[in-house]
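Enquirer: Please take these sequences and the hints and turn them into a complete structure.
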Amino acid sequence: MSEEKKVSRRKYVAYAGAGVVIVAAAAAGGYYATRKPATPTPTPTAPATPTPKPTPTPTELPAPREYLEKFPNWEYYYSPEPKPDKLRYLGGAWMMYPECAEFWEKVHRQSVEASYLDLFIMAQRIVATEGYGWDVAGTARFPPIKRAGIIQPIPVDKLPRWDESKIVDIFIHPEKYLAPTQVERFKFNLWFSEEDYETHKNLAIVSNNWNFDSISYLPEKLPYEEHGGEKTSFSYSELWNPEWKGRAMMQDESMTVFAETANELDATGQLTITSAFTNLTRDEVDKIYNFLLPIVKSGQIRTFWFKYGDAVNLLSTREIWIGSTWQPICLDSRRAGTPTYYARLVNGPFFWFNGDIISKHTPILDDVLKFINFRIDVWWTAFITRNGYGTMTSNYEDVRQYMGNEFYDWVNRGKATYLPIDEIIKNWCFPDNPELWNLPERLLHALFLPDKYFPPGEKPREGTPHPKGNLRDLGSIEDKHKITRYFVSPDLPDDLDYYTEKYDDLKAQLPV
Numbered sequence: 171m172s173e174e175k176k177v178s179r180r181k182y183v184a185y186a187g188a189g190v191v192i193v194a195a196a197a198a199g200g201y202y203a204t205r206k207p208a209t210p211t212p213t214p215t216a217p218a219t220p221t222p223k224p225t226p227t228p229t230e231l232p233a234p235r236e237y238l239e240k241f242p243n244w245e246y247y248y249s250p251e252p253k254p255d256k257l258r259y260l261g262g263a264w265m266m267y268p269e270c271a272e273f274w275e276k277v278h279r280q281s282v283e284a285s286y287l288d289l290f291i292m293a294q295r296i297v298a299t300e301g302y303g304w305d306v307a308g309t310a311r312f313p314p315i316k317r318a319g320i321i322q323p324i325p326v327d328k329l330p331r332w333d334e335s336k337i338v339d340i341f342i343h344p345e346k347y348l349a350p351t352q353v354e355r356f357k358f359n360l361w362f363s364e365e366d367y368e369t370h371k372n373l374a375i376v377s378n379n380w381n382f383d384s385i386s387y388l389p390e391k392l393p394y395e396e397h398g399g400e401k402t403s404f405s406y407s408e409l410w411n412p413e414w415k416g417r418a419m420m421q422d423e424s425m426t427v428f429a430e431t432a433n434e435l436d437a438t439g440q441l442t443i444t445s446a447f448t449n450l451t452r453d454e455v456d457k458i459y460n461f462l463l464p465i466v467k468s469g470q471i472r473t474f475w476f477k478y479g480d481a482v483n484l485l486s487t488r489e490i491w492i493g494s495t496w497q498p499i500c501l502d503s504r505r506a507g508t509p510t511y512y513a514r515l516v517n518g519p520f521f522w523f524n525g526d527i528i529s530k531h532t533p534i535l536d537d538v539l540k541f542i543n544f545r546i547d548v549w550w551t552a553f554i555t556r557n558g559y560g561t562m563t564s565n566y567e568d569v570r571q572y573m574g575n576e577f578y579d580w581v582n583r584g585k586a587t588y589l590p591i592d593e594i595i596k597n598w599c600f601p602d603n604p605e606l607w608n609l610p611e612r613l614l615h616a617l618f619l620p621d622k623y624f625p626p627g628e629k630p631r632e633g634t635p636h637p638k639g640n641l642r643d644l645g646s647i648e649d650k651h652k653i654t655r656y657f658v659s660p661d662l663p664d665d666l667d668y669y670t671e672k673y674d675d676l677k678a679q680l681p682v
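For the sequence shown, position 22 (counting from the first letter as 1) is numbered 192 according to my numbering, and the numbering increases by one without interruption.
Simulated from the structure, these hints should not be mistaken for laboratory data. Some hints here could point you the wrong way.
Using C-beta positions, here's what the derived DEER-type ranges look like [what the hints assert, rightly or not]:
#	residue 1	residue 2	range
1	Glu593	Ser468	39 to 47 Å
2	Ser363	Val297	14 to 22 Å
3	Pro325	Lys638	42 to 50 Å
4	Thr444	Gly303	39 to 47 Å
5	Pro626	Glu593	14 to 22 Å
6	Thr451	Ala678	19 to 27 Å
7	Phe476	Lys346	31 to 39 Å
8	Val297	Glu605	46 to 54 Å
9	Pro412	Lys638	30 to 38 Å
10	Asp255	Glu400	50 to 58 Å
11	Glu400	Phe461	26 to 34 Å
12	Lys415	Asp453	23 to 31 Å
Where a beta carbon is used, it is the ideal one built from N, C-alpha and C, also for glycine.
Expert: Take a look at the structure:
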């Protein structure tokens, strides 16, 4: 990777909307092998958590041993010879870190070319390619892409990591967590065909990142704090509290704004919504528009944020005190030294999932299938938790073993850290910022950074949950399921043009 296009790990997500193209050059040399990899077993037969069948270990390693030890099952991805065709990635930067490309180039010996798209315009850009110019896309806002007929099915028996009995349950049984109007759209986005809704043979998209999205807020300005999954803090309606006039923000996308508002108004009985919140009728869109119009006109909403970096800056500089955001925005606001919480909302956050799709025109299908499997393997599943995200295999026992009990239980099960929050902030998260060490405890918790306290590749900490340890905002996966009523991404409304028309008019009412 050239110096002019090198992106730091911390800044990488912030460039999701920048449209940059990064061509990752071949990594350090030293690739040797004496044997060709054995053919991987498509479906593990052992009852334990499935792992890819490794190829024979090369007599000379493709990278230093200490590097390879970070990647369980690396042998499965090893190629003894350089691949003649590069792997072309198109999509979200938050799904494709430099570390991912580096591994692929060192171990699979295949050059990676990555082109990045902003989430809110991703569908249009990918459809416009007609499936050419890319092999794998990390995508959201998926229905137009699927309907364009430019992808191919992803057979689960080609993914050694797939074990339906262990996959995160909402992917297999969405009806247990979502309303019927939501379930059909969930299945459409996940599976390749209607037949696959029942047989579960072919995926349309393999989710390598999912989460529950909520509201970020500054506890220095708002009289609230988070307690993991123990209790809720406030509802989505807090965005419209006149006390925060001019200090609130919403996302700059019609579907998200209307879906979040629909959920809140339906949950509180102010409206009765019969459609999926991501696919409202025109009458329902009109009613939500009419509800939001006086709020927007009054100046209650300062802005509808579009660029990731803008949202981080508005929170971290305290220009905005409360806003609908992605969780990494909350974490990056903390990274700037601004205490920021992610709210456990009374009427719930929303679930979302994004992931990889395959172009029907790719000439390197076998490589792409291995790449997709890598992105639900142990290393990536642990790595992506830095954003608060999971993958389809987050529940697997080998993921727990890799992360260690403390980290795994904090991320997935709502357990406290083994060290108290004051010690964590001083020694792990902000060792160079003594001005933060003695803040009130409710603010210290709003500065916790998981990637600092759980540094990748470090030996897991031993101990037991500390009574003054940090709890993950919103709590465990189960805690979040209990209060979640709907999902958003990768869906997109069928009548998107009408959504956009009403939303553009709504934004035009912002006071100058």
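Enquirer: Decide, hint by hint, whether the structure agrees.
Expert: Hint-by-hint comparison with the structure:
About 45 Å separates the C-beta atoms of Glu593 and Ser468, a value consistent with the hinted range of 39 to 47 Å. Between Ser363 and Val297 the beta carbon distance is about 19 Å. The supplied range of 14 to 22 Å therefore holds. Between Pro325 and Lys638 the C-beta distance comes to about 49 Å, which sits within the given range of 42 to 50 Å. As the Cβ distance of Thr444 to Gly303 is approximately 41 Å, the hint placing it in 39 to 47 Å holds.
Our hint of 14 to 22 Å for Pro626 and Glu593 holds, since their Cβ atoms are close to 21 Å apart. With their beta carbons about 23 Å apart, Thr451 and Ala678 fall inside the hinted range of 19 to 27 Å. Range check, Phe476 to Lys346: Cβ separation about 35 Å, and the 31 to 39 Å hint holds. For Val297 paired with Glu605, a C-beta distance near 49 Å keeps the hint of 46 to 54 Å intact.
Between Pro412 and Lys638, the C-beta spacing of about 36 Å keeps the proposed range 30 to 38 Å intact. Taking the beta carbon of each, Asp255 and Glu400 are about 52 Å apart, inside 50 to 58 Å as hinted. Restraint check, Glu400 to Phe461: a C-beta distance of roughly 31 Å satisfies the suggested window 26 to 34 Å. The given range of 23 to 31 Å is respected by Lys415 and Asp453, whose C-beta atoms sit roughly 30 Å from each other.
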